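Chemist: Please model the entire structure based on the sequences and the hints provided.
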Amino acid sequence: MSKKIVCFCHDITETDLINTIEAGYDHIEMLKRFTGVFMGPCQGKMCMQNVLKIFARETGQPIESLRVPTLRPPAEPIPLGSLATETLRGDDDKE
Amino acid sequence: MIKSNYDIVIIGGGVQGLALAYNLAKNKFGSIAVIEKSYIGSGASSRNGEMLRSAFASNEWIQFFDKSMQLWETLSAELDFNVMFTHCGYLVLASTSKEFELCRENVNTQHSFGLKTKLLNQRDVLKLIPALNPEMVSGGTLQSNGGFARHDAVVWAYAGAAKRLGVDIFPYTEVTGIQVEAGTVRSVKTSKSEISTSLVVNAAGGHAGDVAGMVGVSLPSQTYRLEMIVTEPLKPFLHPMLASLNTLSYMHQSTRGEFVGGAETETLPPAKSLKSTLVATQDMARKFTKLFPGLASARLMRQWGGIVDMTPDIAPVIGPVKKIEGFILDCGWVYGFVGAPAAGELLAQYIMTGKMPPEIQPFNVERFEKGEPIIDRSLVVPSETETEGGAA
Amino acid sequence: MTDNLRIHHHPVVNFNHGKQISIRFNGRPVPAYEGETIAAALYASGIRIFSRSMKYHRPRGLYCLSGHCSQCLMRVNGEPNVRVCQTIVKENMVIESQNAWPSLQFDIAAIAGKLDFLIRPGFYYRYLIKPRWLYHIWERFLRNAAGIGKIADNSKPPSPVKRIQASPQVLVIGGGIAGMSAALNAVRSGAEVWLVEKEGKLGGRLQYDTREFELPEKGSKKYAFEYVVEMANKLANYTCFHLLTNTTAFGWYEEDVIAATGPGKFWEFEPQCTIIATGSYETPPVFENNDLPGIFLSTGIQRLMHRDGVLPGKQTVVISSSNEGYVIAKQLYEAGISVLGIAESRSGQSSNACPEKDFILSKNIPVFHSHKIKSAIGKKQVKGVVLESLPDPANSNPGTETKIACDTICISGSRAPANDLLFQHGCGGTYIINCPDHFIRKPEVNNYMSVSDGLYAAGEAGGSNNIKQSFIEGKIAGLSATKYLGIGDRLTDEKLNIAVEQLQR
Chain V
1 MSKKIVCFCH
11 DITETDLINT
21 IEAGYDHIEM
31 LKRFTGVFMG
41 PCQGKMCMQN
51 VLKIFARETG
61 QPIESLRVPT
71 LRPPAEPIPL
81 GSLATETLRG
91 DDDKE
Chain D
1 MIKSNYDIVI
11 IGGGVQGLAL
21 AYNLAKNKFG
31 SIAVIEKSYI
41 GSGASSRNGE
51 MLRSAFASNE
61 WIQFFDKSMQ
71 LWETLSAELD
81 FNVMFTHCGY
91 LVLASTSKEF
101 ELCRENVNTQ
111 HSFGLKTKLL
121 NQRDVLKLIP
131 ALNPEMVSGG
141 TLQSNGGFAR
151 HDAVVWAYAG
161 AAKRLGVDIF
171 PYTEVTGIQV
181 EAGTVRSVKT
191 SKSEISTSLV
201 VNAAGGHAGD
211 VAGMVGVSLP
221 SQTYRLEMIV
231 TEPLKPFLHP
241 MLASLNTLSY
251 MHQSTRGEFV
261 GGAETETLPP
271 AKSLKSTLVA
281 TQDMARKFTK
291 LFPGLASARL
301 MRQWGGIVDM
311 TPDIAPVIGP
321 VKKIEGFILD
331 CGWVYGFVGA
341 PAAGELLAQY
351 IMTGKMPPEI
361 QPFNVERFEK
371 GEPIIDRSLV
381 VPSETETEGG
391 AA
Chain F
1 MTDNLRIHHH
11 PVVNFNHGKQ
21 ISIRFNGRPV
31 PAYEGETIAA
41 ALYASGIRIF
51 SRSMKYHRPR
61 GLYCLSGHCS
71 QCLMRVNGEP
81 NVRVCQTIVK
91 ENMVIESQNA
101 WPSLQFDIAA
111 IAGKLDFLIR
121 PGFYYRYLIK
131 PRWLYHIWER
141 FLRNAAGIGK
151 IADNSKPPSP
161 VKRIQASPQV
171 LVIGGGIAGM
181 SAALNAVRSG
191 AEVWLVEKEG
201 KLGGRLQYDT
211 REFELPEKGS
221 KKYAFEYVVE
231 MANKLANYTC
241 FHLLTNTTAF
251 GWYEEDVIAA
261 TGPGKFWEFE
271 PQCTIIATGS
281 YETPPVFENN
291 DLPGIFLSTG
301 IQRLMHRDGV
311 LPGKQTVVIS
321 SSNEGYVIAK
331 QLYEAGISVL
341 GIAESRSGQS
351 SNACPEKDFI
361 LSKNIPVFHS
371 HKIKSAIGKK
381 QVKGVVLESL
391 PDPANSNPGT
401 ETKIACDTIC
411 ISGSRAPAND
421 LLFQHGCGGT
431 YIINCPDHFI
441 RKPEVNNYMS
451 VSDGLYAAGE
461 AGGSNNIKQS
471 FIEGKIAGLS
481 ATKYLGIGDR
491 LTDEKLNIAV
501 EQLQR
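Residue numbers (this note's numbering), protein chains in the order written: chain V, 1 to 95; chain D, 1 to 392; chain F, 1 to 505.
To be clear, the hints were calculated from the coordinates, so they are not data collected in a lab.
Computed from a predicted structure; not experimentally measured.
Be aware that one or more of the hints could be misleading.
[What the hints assert, rightly or not] With a straight-line cut-off of 30 Å between C-alpha atoms, the simulated DSSO-like cross-links for lysine-lysine are: (1) D/Lys192 x V/Lys32; (2) V/Lys53 x F/Lys403; (3) V/Lys32 x F/Lys150; (4) V/Lys3 x F/Lys314; (5) F/Lys130 x V/Lys32; (6) V/Lys3 x F/Lys372; (7) F/Lys383 x V/Lys53; (8) F/Lys442 x V/Lys4; (9) F/Lys130 x D/Lys28; (10) F/Lys150 x D/Lys235; (11) V/Lys4 x D/Lys235; (12) V/Lys4 x F/Lys374; (13) D/Lys98 x F/Lys156; (14) V/Lys4 x F/Lys380; (15) V/Lys53 x F/Lys314; (16) F/Lys55 x D/Lys235; (17) V/Lys53 x F/Lys156; (18) V/Lys3 x F/Lys156; (19) V/Lys32 x F/Lys114.
Modeler: This is the structure we're talking about:
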């Protein structure tokens, strides 16, 4: 069977996810850390729905009960240079 | 299922608690429970810089952490789980002649303890890491057996090995109270049930202060947030781990190629929040693009904050407390990731034999009462002892 | 130049290709038109593989064209990992592929895909422990195989970025139909409104959508792109409207600041009112070979055809689970592509009528009800598709496969709300299950599109699933904001009530 890619950034297939869950990494946060889903340059934009769907199905949990990994900045990848500002936030208050 | 009685209850399923549990079980201590309020490794154990080194500048730090480094060498084989120890070396970067002098002094101290660190001049450093901004390089010290390991893997490795030896690990279980009678620990109350025990270890990381508070002990520490950033994957350009004295920052390239770094932002007040702050983000971006101008076009992909319970001298507190029999501390860690194998082994020795091993003896909690903090001049995290004069 | 992929005559859209210029791709010149994206120029010149995947080095092509996925990362003028679908060409631009050797077309490391049984996720945790010398060799190999693009050289110091703090009365994030509708309704009461838009122009994805429909109170049908241009023009007339294009609001930080970055500037917003209208991400179903070049998301195809004026291919099959499939099929047909079939997961009975479906049926395009995509056929590019019938009373043989030869597959995916900023801020969310195949996590939105005091979500970011709804939600959010600011008039309540009624209809 050809590969069914769920996470395009790190080439994680549906089979990989199922195997990882079976191996005991059955918390969504552990699944993420073990396989690297949500952690590539797309930041989960392409895979979040599918991973949650597979996770819910494999662990027998209803989707409604799932916890989505905490969302933190940045919402989009941002060049570090554009964050390297002349002054820092709070600098002006000091003066 | 949680049993009603354990010989020891370890609070905190991070790398410290699990390493201790594993070492106790290995020595057939008895029944062991590890209580973790979230998933295992959910605290600072999976939110750190993954750094492995022992090239510090004081007797106490070097002795303890070098013991740990020796254990790291064989950890994968011992736990039968590859923790991905990458032997890329650990470079402390000096950007000014004053910092370079400090490095020179530290190397002398390190050599006197038998550490094989090397003093590098500007040219050596730039040859090792050509992507560095030459203006930020005056030299540095390299510990070639230093490096990094996968923090999650270490947690899973210890947890797996501990479970195989019969340790009971209870994730998603919160400790709500500790019962003390006549100065002796009697039981631990959790969100699921009450466990009677005579020994409790506080390995609760960023929440160690709260746990100590349950038995009326106040720790000489304060909770700080350390923030880190990760860029999109880049081809290898930063071989060793790098700590910059000038910018109080530390960084490495992960096995996926991501640039991972953290820095001390001086203006950040103590906090228990895991959220990211804008001021730290700007500060880190400025520091890292100053060190590596080429990173300006690399994209920030993730960022996170972790909390540490930091003591005034940044060294951990390990061992018993005077007033309460059966309450043992294993907290106040900032370098807890690299220290875990040694802390686990040595603290287990103490618990089994009642004799305090010399490597962890200096890290007793009484040192603060006596006004004898451990001074180490090589630390990247700035020491608060001098500036705040024992604020805790 | 293989100019036959360029659209010159289109029944609905007028293309004014700019001046012809030249860019360089991997050392050879490629013609391009001023104002178009790098992706468009490369695709029109016949490039199909845009990158290789990180682990197995699988060929990857254009996919979302919205800057969301990681499949078009290239090195542009020495900068690594640039999303070429979002980057406009410039004369003599130097574009290089990354992480492939000797070439994108033929990459030796693709052997990894065949050795996958050895290198499943986490393989390194379980193996390579002993002997240690072997691990050290692996360690070096793994480290060198890491990464995508090379770091830029450090010759030129980065230019410092100016920090600007702003506390507008209303900050609208996202300039699609919901965001513009919100902004319009707020500026009409005289509120100072700032709108942050990630792309170069207002309009969001509807700029590239040629569907016709009627908005409430408008009286006649118009094309989607006409509506958004009209709204953008209206907004430009208000002096209290401030537009920041090419500016990305990327973080809601603990200091309660919304951070945004634009050309040469770094914005720190502390607005009195915030309206989140960041739209959605189109997410695909999972099937065999689902990453093959030639497979596109429908919004990606719209951008390629109607933004860039480039055809994705000659023959296509559309995969969908809603009427959106017919909408995109009609647009593909109008652009001059033969649509060989539409597979939709709904049965014939549950698939409701729409003008686009009537159009498709009138052109005798086959519709496969109760079908899903099983696999894409091809090694480096789509050569065909295999459809599979689903259990359904009307299907005598579920599991029957249908093979169709084609060169592109258009996926009309499901829409996941782009609610990153809301959740960074700490808003709650609930899962809404739309159908067995699709769910969304919707932010908790109260009456009048309010999430909390002074914070509103409108459009697809808040869970809307159609254009009219997004338009009305924007209106409600804009009016609510003026009311919150205390600058509405007695008409505001009336307008709000009408809008809420329209929403319920």
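Chemist: Are the hints correct? Go through all of them and say.
Modeler: Now the hints, each set against the structure:
no. : hint                : result
1   : D/Lys192 x V/Lys32  : holds, 27 Å
2   : V/Lys53 x F/Lys403  : holds, 27 Å
3   : V/Lys32 x F/Lys150  : holds, 26 Å
4   : V/Lys3 x F/Lys314   : holds, 26 Å
5   : F/Lys130 x V/Lys32  : holds, 27 Å
6   : V/Lys3 x F/Lys372   : holds, 17 Å
7   : F/Lys383 x V/Lys53  : holds, 29 Å
8   : F/Lys442 x V/Lys4   : holds, 27 Å
9   : F/Lys130 x D/Lys28  : holds, 26 Å
10  : F/Lys150 x D/Lys235 : holds, 5 Å
11  : V/Lys4 x D/Lys235   : holds, 27 Å
12  : V/Lys4 x F/Lys374   : holds, 10 Å
13  : D/Lys98 x F/Lys156  : holds, 27 Å
14  : V/Lys4 x F/Lys380   : holds, 16 Å
15  : V/Lys53 x F/Lys314  : violated, 34 Å
16  : F/Lys55 x D/Lys235  : holds, 13 Å
17  : V/Lys53 x F/Lys156  : violated, 46 Å
18  : V/Lys3 x F/Lys156   : violated, 43 Å
19  : V/Lys32 x F/Lys114  : holds, 24 Å
When each numbered hint is compared with the structure, violations occur for hints 15, 17, 18.
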